[in-house]
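Under my numbering, read the sequence shown as residues 279 to 872, first letter to last.
In short, the hints are calculated from the structure, not lab data. The beta carbon of each residue, even a glycine, is placed where N, CA and C say it ideally should be. Each hint should be verified, as a subset may be incorrect.
[Stated by the list, open to error] Below, in silico cross-link-like pairs of lysine-lysine (PhoX-like), each with a Cα-Cα straight-line distance of 20 Å or less:
(1) Lys-496 x Lys-782
(2) Lys-594 x Lys-700
(3) Lys-782 x Lys-696
(4) Lys-691 x Lys-607
(5) Lys-497 x Lys-769
(6) Lys-764 x Lys-700
(7) Lys-764 x Lys-497
(8) Lys-700 x Lys-782
(9) Lys-607 x Lys-769
(10) Lys-769 x Lys-700
(11) Lys-782 x Lys-868
(12) Lys-782 x Lys-691
[Said to hold, decoys possible] Simulated DEER-style distance windows between Cβ atoms:
(13) Lys-764 x Met-635: 55 to 63 Å
(14) Ile-840 x Asn-766: 44 to 52 Å
(15) Lys-547 x Val-597: 54 to 62 Å
(16) Phe-741 x Ser-835: 37 to 45 Å
(17) Ser-866 x Val-829: 18 to 26 Å
(18) Ser-866 x Gln-576: 50 to 58 Å
(19) Val-597 x Trp-552: 33 to 41 Å
(20) Val-597 x Gln-618: 56 to 64 Å
(21) Val-752 x Trp-826: 41 to 49 Å
(22) Lys-764 x Gln-590: 36 to 44 Å
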Amino acid sequence: MPDRFGSGKLSFDLLAVDTSGDESKPSTGSYDSTILENGYDRLPSRKRRHKATKKNKVVSRRAALGDLIPATELREESPSVVRNGHLQDGTALSILVKRSVVETVCTVEETALESSQVSFVALPELRQRNVKGSVAEDPGAEEATARESTDRLWKLESDEANKKLDKEESLDWNQVMAKDPSILQEASFINKSPCKYFVGEIYRGSSLRGTISAGNEKKRQGVYNTMFHVPWRCERLIVAGFFVCLESFLSLLTIMPARIAMALWRVLKTRQFWRLSAAELSDFGCFFVLVLGVSSLQLADISLIYHFIRGQGTIKLYVVYNVLEIFDKLCQSFGEDVLQVLFDSAEGLSTCSDDDMIFALIRFIFDEAIAVIAFVVHSFVLLAQAITLSTCIIAHNNAVLALLVSNNFAEIKSNVFKRVSKENIHSLVYYDIVERFHITAFVLFVLAQNILEAEGSWFESFFSNVLLVFMCEVFVDAIKHSFLAKFNEIKPIAYSEFLEDLCKQTLNEKSDEQRKDLTFIPLAPACVVIRVLTPVYAKLLPYEPLPWRLVWILFWSSLTYIMLAIWKIMVGLSLRRLATWYINLRCSRKQHVD
Numbered sequence: 279m280p281d282r283f284g285s286g287k288l289s290f291d292l293l294a295v296d297t298s299g300d301e302s303k304p305s306t307g308s309y310d311s312t313i314l315e316n317g318y319d320r321l322p323s324r325k326r327r328h329k330a331t332k333k334n335k336v337v338s339r340r341a342a343l344g345d346l347i348p349a350t351e352l353r354e355e356s357p358s359v360v361r362n363g364h365l366q367d368g369t370a371l372s373i374l375v376k377r378s379v380v381e382t383v384c385t386v387e388e389t390a391l392e393s394s395q396v397s398f399v400a401l402p403e404l405r406q407r408n409v410k411g412s413v414a415e416d417p418g419a420e421e422a423t424a425r426e427s428t429d430r431l432w433k434l435e436s437d438e439a440n441k442k443l444d445k446e447e448s449l450d451w452n453q454v455m456a457k458d459p460s461i462l463q464e465a466s467f468i469n470k471s472p473c474k475y476f477v478g479e480i481y482r483g484s485s486l487r488g489t490i491s492a493g494n495e496k497k498r499q500g501v502y503n504t505m506f507h508v509p510w511r512c513e514r515l516i517v518a519g520f521f522v523c524l525e526s527f528l529s530l531l532t533i534m535p536a537r538i539a540m541a542l543w544r545v546l547k548t549r550q551f552w553r554l555s556a557a558e559l560s561d562f563g564c565f566f567v568l569v570l571g572v573s574s575l576q577l578a579d580i581s582l583i584y585h586f587i588r589g590q591g592t593i594k595l596y597v598v599y600n601v602l603e604i605f606d607k608l609c610q611s612f613g614e615d616v617l618q619v620l621f622d623s624a625e626g627l628s629t630c631s632d633d634d635m636i637f638a639l640i641r642f643i644f645d646e647a648i649a650v651i652a653f654v655v656h657s658f659v660l661l662a663q664a665i666t667l668s669t670c671i672i673a674h675n676n677a678v679l680a681l682l683v684s685n686n687f688a689e690i691k692s693n694v695f696k697r698v699s700k701e702n703i704h705s706l707v708y709y710d711i712v713e714r715f716h717i718t719a720f721v722l723f724v725l726a727q728n729i730l731e732a733e734g735s736w737f738e739s740f741f742s743n744v745l746l747v748f749m750c751e752v753f754v755d756a757i758k759h760s761f762l763a764k765f766n767e768i769k770p771i772a773y774s775e776f777l778e779d780l781c782k783q784t785l786n787e788k789s790d791e792q793r794k795d796l797t798f799i800p801l802a803p804a805c806v807v808i809r810v811l812t813p814v815y816a817k818l819l820p821y822e823p824l825p826w827r828l829v830w831i832l833f834w835s836s837l838t839y840i841m842l843a844i845w846k847i848m849v850g851l852s853l854r855r856l857a858t859w860y861i862n863l864r865c866s867r868k869q870h871v872d
C-alpha cells in the first residue's frame, strides 16, 4: 500500500532490501499466525477482524507453499531474495512474515486515522525499527515489537478519547436555560398563570408573527402597485381610450356626412352615375344603418318603458340590468363581425367585374340588412339601459341607486378571482373603455329627459347622482384591475404597454401582426343620442309656419354640426400630439434602460 508519510516506497520493499544479505535464519510456521492473531485481537470491530483474518490466511498460505511459488513471481515482489534462480526458503518466509506484520499495522493505522490523527505518531517509529532490524533477529523479538507497537497505538487512541471526554462538560439544565431562556418558551407558558401569560405575550413582540410571514422589499412594491401604480396607469389608459371612442363618435357625426354630401354633389354636378369606391359604399352603408336605427327608436315610447322599469321590484330590476349588460357585450362582439362583413362586401362590389355585378350587389344588400337588424337591436338594448339608469337617478329611492352600485361589485366578483392572461386583461380594459363611453351616453339621455320633463331645481341632484355613478365606476375599475394584476402577477408596466399600443393605433402605426386594437362601433350609441336629443331640439323650435321652422331646423343643425366639427378637430389633434409625445417618451425610456 502507498506510504502516507512521503517516503514514496512500500514497507515490504524496504524490509526486503534490508534483509537481502542474511539468508540463514530459518522460518517457523507459527510465527506469522501468532503475530497476526495477537495484532487482530485488538481490532475494534468484527468487520476489520474479518478482513485481517482473511489477509492472514493468504500470507500463511504463501509461507507454507513457498517451495511451489515460481522464482519469477517472487522476483517481482522482492528481487533481493532470489539468488542464481533459486528461492531461499528461510529468507522468503521471513520477508513474507515481516510484510504481513507491516500490512497488519498499516491496516490498524488506517482504522485509527478515521477517528484521530494522533495515531500516526507510532507508524514512523515502527517502520524505522523494521527497516533497521535484521532478518536474522529472533522471531520472538519481532513478535514483541509488533505487539508493543500495537499496544502503543491503541494506548494513544484511548488517551485521545479520554482527553476528548474530559473536555466535555457535564450537561447542566440550569446553565442551558440561563444561556438560552427561549429554548422552551412556548412550553414554559403552559405552566404560567393566565396573567403572566398575557403579560408575556405583550412583551413578546409582534402579536401576528405566528400567522404572518416577514415582509420584504418585493412585498412593499406589490402593495404600492396595488394601491397606486396600477389604478393610476389603468385610469390613464381608460381616459385615453374614452377620447379615442369620442373621436370615432364625432367622426361618425361629422366626417361621414361630409363624405356623403361630397359624393352626392359630384353626382348632381356631373349628372353621371359611376361605380362608387369601397370607402364611399361603406359610408353609405353606415349612414343607412344610422337613419334606420334612429327611425326605429323614434317609434319606441320612452315613457311607457320608463314606467314599466320603475314599477319592477328590486330583484327584478337587478336581473333586468344584468341581462341588458350581457346583451350589450354580445351585441358589441357580433356588431364588429357584421360591420367587417359589410365592408368586405363593399370592397367586393367596388372591384367586381360587370358580369359579377348583380351577385356582388345582392350580397351587399343582404349584408346591409343583417347590419341594420344587428345595430337596431343593439340600439334598443342601450336605450333600455339608459332608461334604467334614468330611473335610478331620478327616483328618490336611494336603494335602487345602491343596487346599481352593487351590480358593479358583482362585476368585481366575476372577474377578479379568475386566472387570466395578459392578453385577456388587455381585452378587459377595452371593454371597460367602451362601457365608460356608454355610461356617458346614458348620462346625456338622463340630462335630456330632465330638460324635457323635470320641474323645479333638478340640476343639483342630477349632478350629484351622476358624479356618484362615475365615481363608483372609477372605483370599481381600479379595484378590479388592481387585484387582477396582483393575483395574476401582472406588472404596472403592462398598462403602459397597452397605452402605447393605443397611441400607435391612433397614429395608424400598428401593423396587422401586432396585438388587437380598441374596437368601438359608435352606430348604436349615436342612434340613442340622436333619438334623445331630437325632442330637445324640437322643443327649441318656435311655433311658426313650416318654412320658418325649416329655417330654424337648418340653423340649429348647422350650428350643431359646426360645434361637433370643432370638437372633432380639437380632440383629434390633441390625441395625435399626446400619442406622439407618449411614444417618444416610451422610446427614450427603453433606450435608457437598454
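Against the structure, the hints come out as follows:
1. Lys-496 x Lys-782: Measuring from Cα to Cα gives roughly 32 Å; hence the hint is violated.
2. Lys-594 x Lys-700: The hint is violated at about 36 Å.
3. Lys-782 x Lys-696: violated, 30 Å
4. Lys-691 x Lys-607: holds, 18 Å
5. Lys-497 x Lys-769: holds, 13 Å
6. Lys-764 x Lys-700: The given pair, whose Cα atoms are some 12 Å apart, holds under the 20 Å limit.
7. Lys-764 x Lys-497: holds, 11 Å
8. Lys-700 x Lys-782: holds, 19 Å
9. Lys-607 x Lys-769: violated, 27 Å
10. Lys-769 x Lys-700: This hinted pair holds, its Cα atoms lying about 10 Å apart.
11. Lys-782 x Lys-868: holds, 16 Å
12. Lys-782 x Lys-691: Violated - the C-alpha atoms of Lys-691 and Lys-782 are around 33 Å apart, more than 20 Å.
13. Lys-764 x Met-635: 55 to 63 Å: holds, 58 Å
14. Ile-840 x Asn-766: 44 to 52 Å: holds, 47 Å
15. Lys-547 x Val-597: 54 to 62 Å: holds, 56 Å
16. Phe-741 x Ser-835: 37 to 45 Å: Distance hint for Phe-741, Ser-835 is violated at roughly 29 Å.
17. Ser-866 x Val-829: 18 to 26 Å: violated, 56 Å
18. Ser-866 x Gln-576: 50 to 58 Å: Check passed, 53 Å falls within 50 to 58 Å.
19. Val-597 x Trp-552: 33 to 41 Å: Violated - the Cβ-Cβ distance for Val-597 and Trp-552, about 54 Å, lies outside 33 to 41 Å.
20. Val-597 x Gln-618: 56 to 64 Å: violated, 33 Å
21. Val-752 x Trp-826: 41 to 49 Å: holds, 46 Å
22. Lys-764 x Gln-590: 36 to 44 Å: Holds - the Cβ-Cβ distance for Lys-764 and Gln-590, about 37 Å, lies within 36 to 44 Å.
The structure does not agree with the numbered hints 1, 2, 3, 9, 12, 16, 17, 19 and 20 stated previously, though it agrees with the rest.
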